[in-house]
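Student: Residue numbers in the sequence shown follow the numbering used here, run continuously in steps of one, and reach 600 at the last position.
Source of the hints: derived by calculation from the structure; they are not laboratory data.
Idealized CB from N, CA, C, for every residue including glycine.
Do not rely on the hints blindly, as some may be mistaken.
Said to hold, decoys possible - Below, computed lysine-lysine pairings styled on DSS-like, alpha-carbon distance capped at 27 Å: (1) K381 x K400; (2) K408 x K394; (3) K552 x K586; (4) K386 x K458; (5) K280 x K294; (6) K332 x K500; (7) K520 x K500; (8) K278 x K268.
What the hints assert, rightly or not - Pairwise CB distance ranges (calculated): (9) T513 x E477: 52 to 58 Å; (10) V321 x Q469: 24 to 30 Å; (11) K400 x G447: 30 to 36 Å.
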Amino acid sequence: AAVNKEVAALVKQAKAKQVEFDKFFEVERAKIEEGAELPPGVMKMVKVYVATRKTLQVGDKMAGRHGNKGVISRVSPIEDMPYLEDGSTVDVVLNPLGVPSRMNVGQVLEVHLGYAAKGLGYKIAAMLDEKRTEMVKEIRAFLDKIYNSYGKQEDLASFTDEEIIELANNLREGVPMATPVFDGIKEEDIKSLLKMADLPESGQEQLYDGRTGEAFDRPVTVGYMHMLKLNHLVDDKMHARSTGPYSLVTQQPLSGKAQFGGQRFGEMEVWALEAYGAAHTLREMLTVKSDDVAGRAKMYKSIVDGVNLTESVMPESFNVLVKEIRSLGIDVELEQH
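My request is simple: use the sequences and hints to build the entire structure.
Tutor: This is the structure in structure tokens:
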């Protein structure tokens with residue numbers, strides 16, 4: 264009977280393997296039959312991805328998980344960064360003015376929850392390092408309080424003492440948190456977690472200026488936030504142009520680094536020069552630096568000859584406007600006096 268059972272198990276196992284092989288065979292056959300989208304004469308396409316490490320620098324773009332993107336404006340040495348009472352420094356300083364108008368308060372709550380999670384980890388680490396006789400019992404009670412006060416319940420009673428110690432060691436650096444989108448953790452729960460971690464319930468701490476050592480005049484929100492480095496690096500965006508390609512219709516420089524284009528001088532920039540009274544600079548921007556073809560040539564010649572010439576002729580955009588008005592059946596003639 265035992266042999267029969269063993270044989271039956273082997274047969275069942277063989278059949279399962281056969282089904283697995285058949286599935287694999289069908290997948291491979293389908294791959295061959297459908298054919299690849301390769302150009303004629305190409306046997307195989309190989310894609311190579313090269314990973315490079317680039318240090319963060321001023322001008323690089325970073326973002327959080329709440330649409331709170333921004334550009335690094337300054338990189339300071341660690342001794343100049345603001346620090347807490349225990350001497351630990353902050354990694355990133357964000358401007359609070361980025362929160363009210365955008366109304367993405369989630370980033371503040373994320374910071375508070377992250378701070379609570381890290382604080383709980385430190386408290387667990389301190390319990391482990393004490394090595395008292397009642398240590399396991401205390402840690403078990405503390406973990407039960409963390410895991411079973413909110414959200415999904417965890418059966419910690421079934422854990423052995425060794426497993427509790429192992430779990431606590433894994434949580435030294437912080438307790439992992441996951442909060443669903445529309446059914447996330449409540450504000451009062453975050454406060455109670457902060458209280459459990461022996462941190463201020465407001466989530467704010469007294470910071471000290473790293474350069475002077477003086478305390479800032481009011482408490483500052485401190486915590487842990489998930490930050491991402493975006494693929495918009497200042498090195499890839501650096502671009503300069505003297506002369507280059509022009510648009511065929513408007514005779515204005517093309518836009519963008521890819522086309523070796525010029526910088527757009529928009530209407531708001533025009534207002535700035537108007538407000539400043541920089542009339543000559545403004546005229547230069549709107550004519551010889553843009554779409555005044557004859558003026559461009561004259562300016563180039565004057566630079567080569569070393570003569571100070573500030574003469575502009577007629578922007579090409581005016582001719583384009585005249586042509587567009589003529590297409591409506593209205594004749595426009597420019598009388599030159």
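Student: Each hint needs a verdict: does it hold in this structure or not?
Tutor: Now the hints, each set against the structure:
1. K381 x K400: Satisfied, since the Cα-Cα distance of roughly 22 Å is no more than 27 Å.
2. K408 x K394: holds, 20 Å
3. K552 x K586: The given pair, whose Cα atoms are some 22 Å apart, holds under the 27 Å limit.
4. K386 x K458: holds, 12 Å
5. K280 x K294: holds, 21 Å
6. K332 x K500: Answer holds: K332 to K500 is near 17 Å, not above 27 Å.
7. K520 x K500: Holds. K520 to K500 sits at ~7 Å (cutoff 27 Å).
8. K278 x K268: holds, 15 Å
9. T513 x E477: 52 to 58 Å: holds, 56 Å
10. V321 x Q469: 24 to 30 Å: holds, 29 Å
11. K400 x G447: 30 to 36 Å: Between K400 and G447, where Cβ atoms are some 32 Å apart, the hint holds.
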